[in-house]
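*Asks:* Given next are the chains, with one letter for each unit.
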Amino acid sequence: MADTILEVKHLKKYFKTGRGMLHAVDDINFTLERGKTLGLVGESGCGKSTTGRVILRLLEPTSGEIIFEGKDISRIKGSEMRHMRKDLQIIFQDPFSSLDPKKTVSQIIAEPIKENHILRGKHAIEERVLELMDTVGLAERYINTYPHELDGGRRQRIGIARALAMEPKLIICDEPVSALDVSIQAQILNLLRELQEKLGLTYIFITHDLSVVNHFSDDIAVMYLGQIVEKAPAEELFEHPIHPYTQALLSAIPIPELGHRRERVKLTGEITSPIEPPEECRFAARCPLCDDGICRKMVPELIEVRESHFVACPIKQKEMGF
Amino acid sequence: MENKGKEEITDREILNIENLRVRFETEDGIVYAVNGVNLKLGYRKTLGLVGETGAGKTTTALAMLRLVPDPPGVVECDRLEIDGQDVRGMSINRLEDVRGKDISMIFQDPMTALNPVLTVGEQIAESIEIHEHLHKDEALKKAGDMLELVGIPRARLGEYPHQFSGGMKQRVVIAIALACNPKLLIADEPTTALDVTIQAQVLELMTELKEKYNTSMIMITHDLGIVAEVCDEVAVMYAGKIVEQGSLEEVFGETLHPYTEGLFNSLPNIKNRTAWLKPIHGLMPDPTDLPPGCAFAPRCNYATEECSASCPALKNMGGTHFVACSAYERDPDFLLERRRKNG
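Residue numbers (the numbering used here), protein chains in the order written: chain G, 51 to 372; chain P, 183 to 525.
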């Protein structure tokens with residue numbers, strides 16, 4: 051039996067703007083099993099970070115359900131919400147602006163423990179802080195330093211320790227390594243993977259970097275302008291990308307090896323505006339396969355075309371006999 | 183006659199730097215940013231200057247344009263020539279002729295590189311007006327040509343930077359940099375702020391234009407994938423020094439320096455997704471307090487005591503391949519793990 055920890059149904063998040071409704075997240079569906087990692091990939095403005103924030107209720111969903119451990123958390127309030135927040139945590143992209151510059155490492159990590167009355171007594175809390183610092187590989191001598199005294203990698207370790215302080219079940223990692231140098235990036239990625247194995251964590255890994263997401267995820271969902279256009283197990287997605295956008299995205303990754311200058315799936319134009327988008331495939335304007343008679347008639351549906359492999363492209367669906 | 187001229191050109195280098203040292207004298211101490219860099223670049227070649235934050239890549243580039251702020255910056259070098267002209271003692275007037283015309287630079291962040299209160303047309307035309315002594319109308323007409331060249335309709339000449347997306351802004355920056363057909367283009371992380379599909383378009387455009395105008399290029403990047411894609415030569419920097427240098431084939435195919443190997447090992451491998459990454463442990467040394475020996479020794483898996491004692495010089499290892507690592511002096515048959523695996 052699959053042990054589903056999170057199920058997201060018809061999730062929408064619209065923002066009101068001067069020029070109309072901005073469809074940041076537009077009808078997203080997925081399920082996530084306990085202990086697994088879902089990679090949420092896409093380019094800036096595709097709604098991946100908004101999706102993460104709506105799941106955590108840092109932003110209110112416009113509509114849809116967020117079912118965490120069998121319970122819809124999309125409308126809960128007050129103490130129920132506080133309780134839920136212990137189980138769901140987030141690690142932010144920029145370890146500089148997400149840490150309070152006036153607090154020491156120990157104060158930052160202890161804050162959620164005190165706020166949520168997880169432990170009482172100065173001694174018990176300090177012991178827990180040291181234990182968490184050890185878990186994320188921060189030397190004890192940094193306990194009284196301030197974030198600005200530390201480099202990006204160590205700052206990100208503080209962010210991870212703070213998230214772990216609540217003993218969460220699911221962590222949303224929002225571009226956790228994008229601001230770091232490659233050698234430090236690898237240290238943090240290894241740490242996150244170690245923690246997952248040790249603590250049985252479930253991750254939603256939000257990133258624009260496809261090679262990182264491939265390294266890290268069990269399943270990958272590719273987002274484009276607020277919608278999931280393709281979803282599959284990581285290996286399947288990399289070996290048999292079907293949606294023309296996924297193909298373009300994969301072929302655009304520069305590979306650090308000799309003799310890899312290859313043919314690209316070329317995209318022309320830029321991402322269209324997410325404000326009041328027309329009822330058509332949102333990728334149509336940049337798509338090399340676009341057939342106006344089909345693609346501009348309706349919003350394509352996400353259909354399972356191979357085992358566990360979902361695609362929202364009417365042209366490809368037709369080709370594959372759907 | 184024309185042919186003869188061309189041959190002469192290929193004999194010289196577009197860029198020749200010897201023993202470049204840059205330090206910043208701050209209240210908190212002296213920051214040794216660049217510590218003895220030698221670089222030569224042939225005409226029409228593209229050099230990838232690779233390294234992590236703080237390696238001194240951007241400072242090296244700024245020194246070439248004499249743009250290092252002074253004070254606190256102090257620049258010293260034995261030779262700094264661009265297209266055969268000595269830039270070191272050049273008067274400011276003469277320097278302004280060279281900048282933008284012979285050598286120009288694309289900065290990392292297109293969002294801040296453009297002036298928000300001028301139209302993109304005015305910004306492109308500015309450098310054309312100055313360098314080619316054209317009338318404003320003519321310069322604007324040429325600015326329109328440049329805009330079309332980078333794939334933006336001429337009709338958008340009168341628009342302001344905020345009306346463009348990130349990828350478009352970077353195209354405008356490229357149009358400005360290329361407006362006067364510079365002989366040498368320095369691109370400092372030109373696509374880091376862009377999405378991958380847009381990055382692919384911009385890189386393709388740069389390569390195309392570079393070939394069309396015979397421009398030489400220095401591509402500053404931390405992304406080895408980009409280097410593999412656009413560069414002919416590679417120089418890897420660490421703590422203000424070049425630690426490995428050679429052709430793309432030499433540096434990628436026959437890697438010599440442990441730091442270069444560490445960079446490769448830190449990257450997730452697309453083909454082997456379950457493998458654990460092998461990061462370089464530790465951090466880059468503090469540039470105000472560099473270790474006496476090899477700056478990489480504290481992080482190096484192959485380091486011995488000798489490495490922390492003396493600083494290795496860049497040595498030729500055959501072909502155009504140079505490395506600064508004392509392991510090869512101790513044992514001429516020394517091979518990195520990466521090489522042992524690759525055979």
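There may be inaccurate statements among the hints.
Straight line, CA to CA, 25 Å or less: simulated DSS-like cross-link-like pairs of lysine-lysine [said to hold, decoys possible]:
id: 1; chain 1: P; residue 1: LYS523; chain 2: P; residue 2: LYS453
id: 2; chain 1: G; residue 1: LYS86; chain 2: P; residue 2: LYS227
id: 3; chain 1: G; residue 1: LYS316; chain 2: P; residue 2: LYS523
id: 4; chain 1: P; residue 1: LYS324; chain 2: G; residue 2: LYS316
id: 5; chain 1: G; residue 1: LYS248; chain 2: P; residue 2: LYS460
id: 6; chain 1: G; residue 1: LYS86; chain 2: P; residue 2: LYS324
id: 7; chain 1: P; residue 1: LYS227; chain 2: P; residue 2: LYS460
id: 8; chain 1: G; residue 1: LYS316; chain 2: P; residue 2: LYS460
id: 9; chain 1: G; residue 1: LYS152; chain 2: G; residue 2: LYS164
Please keep in mind that the hints were generated in silico from the structure rather than gathered at the bench.
*Asks:* Next, verify each hint and record whether it holds.
*Replies:* Results of checking the hints against the structure:
For the proposed pair LYS523(P) and LYS453(P), the alpha carbon gap of about 16 Å is at most 25 Å, so the pair holds. At roughly 47 Å between alpha-carbon atoms, LYS86(G) and LYS227(P) are farther apart than 25 Å, so this suggested pair is violated. With a C-alpha separation of about 35 Å, the suggested pairing of LYS316(G) with LYS523(P) is violated against the 25 Å cut-off. Distance check on the hinted pair: LYS324(P) and LYS316(G) sit about 28 Å apart at the alpha-carbon level, beyond 25 Å; violated.
Of the pairs offered as hints, the one joining LYS248(G) and LYS460(P) holds, with about 19 Å between alpha carbons and a cut-off of 25 Å not exceeded. For the proposed pair LYS86(G) and LYS324(P), the alpha carbon gap of about 56 Å is over 25 Å, so the pair is violated. Restraint check: the Cα-Cα separation between LYS227(P) and LYS460(P) comes to about 32 Å, which exceeds 25 Å; the hinted pair is violated. With a CA separation close to 33 Å, the supplied pair LYS316(G) and LYS460(P) exceeds the 25 Å bound.
In summary, the hint linking LYS152(G) to LYS164(G) is supported, as the alpha carbons are separated by about 17 Å, within the 25 Å threshold.
Checked against the numbered hints above, the structure breaks hints 2, 3, 4, 6, 7, 8 and satisfies the rest.
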